[in-house]
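Peer 1: Protein sequence lines correspond, in order, to chains A and B. In case it helps, this note's numbering puts the first sequence at residues 12 to 244. In case it helps, this note's numbering puts the second sequence at residues 12 to 244.
These are calculated hints, taken from the structure and not from any lab test. Mixed in with the good hints there might be a few duds.
To be verified - Here chain B is said to cover these stretches of chain A; the calculated rule only asks that three of the stretch's residues, wherever they fall, bring their Cβ under 8 Å from a Cβ of chain B:
id, stretch
1, 49-61
2, 81-88
3, 136-150
4, 162-171
5, 207-213
Just so we're clear, the structure is a prediction, and the values are computed from it rather than from any experiment. Heads up, the beta-carbon is just placed ideally off N, CA and C, and yes, glycines get one too.
2 protein chains.
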Amino acid sequence: MTAAKSRRRPGRPSNESGRKADKREKILDVAELAFSEKGYAPTSLRAIGAKASVNPALITYYFGSKEKLFETVFKRRGTQIVQRWDELLDELEARPGRPPTVEEIMRAYLLAEFELKQSGEGGRRFVRLQARVHDETDAMHFRLRREVYDITTRRYLAALERALPDIDPAEIYWRMMFVIGAFLYMMSGVDRLDDLSRGRYKSDDINELVERLTTFVVAGMSTPSTSGLKRSD
Amino acid sequence: MTAAKSRRRPGRPSNESGRKADKREKILDVAELAFSEKGYAPTSLRAIGAKASVNPALITYYFGSKEKLFETVFKRRGTQIVQRWDELLDELEARPGRPPTVEEIMRAYLLAEFELKQSGEGGRRFVRLQARVHDETDAMHFRLRREVYDITTRRYLAALERALPDIDPAEIYWRMMFVIGAFLYMMSGVDRLDDLSRGRYKSDDINELVERLTTFVVAGMSTPSTSGLKRSD
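Generate coordinates for the entire structure from the input sequences, incorporating the hints supplied.
Peer 2: Quick look at the structure:
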């Protein structure tokens, strides 16, 4: 695609491989919007084709199937988040002599997601799609979550275990689920805060959200293990 | 319905108004399952009719429209949760001399939901439906959440404000959103814990879940307000 782009000249139409790449990206954008609005099951290739002004057969030609199209859409930005997570944790762990604190680890984890939400229309679409993906219980969605997120999420869990040697590792895993639930809900675009507080408070300021959520999850992560449960290690 | 039931005799078919009530409940059960599995938009009255072995026209006759059917399904068990929430908070607030603690308030809030999940197949269906309802951003879902949950959720917020006089009320509202997100995720039936920990930990023990989640949210709720943000009151 880079080669194709570099051959384009101003004022002239792009060549054929450039047009193909553009069309492919357009289909992915349209599909991302459709899947994020309605979820996987009710979205048809025919509807995506109509919105992208292409024949559904072309979508199948490019991507193979609806499932493959969805996978391509999800991984396109999913891998961006994961790269950013890795980068942020790499930075923290590269610091000599002072291992990352719980607050630093949690802030990095939340930041990568909220940065994507702030990155423009496509980021917002993906964030909504991701909230849907996390809510599905079929085999395809499980596989995609596993393939995209697991290795990096386990890196964060390992960093938390090192930062919290007195907390039962089982409890750290459980707490990570609570963190994921809290941030997915805040990213889903459902502004219950506005609703419940009758407009007194709003959750549209991303910095405020990251700060308040970090305070909450750091306290939850760091509090002593639940008593009365068997320690797992 | 009670009068109709009392007129039934063993070994004899139920009378007509009893059969109607049974059929109505059956449609609600089938609709609850269908909406919880696929969500509102992709579920048709025709599909519900087929599964309940009734003509879709009969569903319209009983309930008016797909939206009204959904509302009836959602409110049937939604009002149960809200009643249980009110009961539990009433008990805590009736105790003389010792106002409810953050831990008591949070445990009551989580317990009502998890009790419903444990109450059988219908409870489980509803809990899944509710997770879907919380993830939708259209006007109907906003209205239903507002009508069913808001008054009681504000009672819990007011109790938390009294138990946490040093925390900025805005922060208590925000934190309630994080609590709702965390428990909805744990109730959605997506067992990421099993997946991420490669089977080492499982989230299928409701008591363990309530204990660990209570520890987490009590710590998050009670920690000092986020510094560097303007206090709202």
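Peer 1: So, against the hints stated earlier in the document, which numbers end up violated here?
Peer 2: The structure conflicts with hint 2 only, although it agrees with all the remaining ones.
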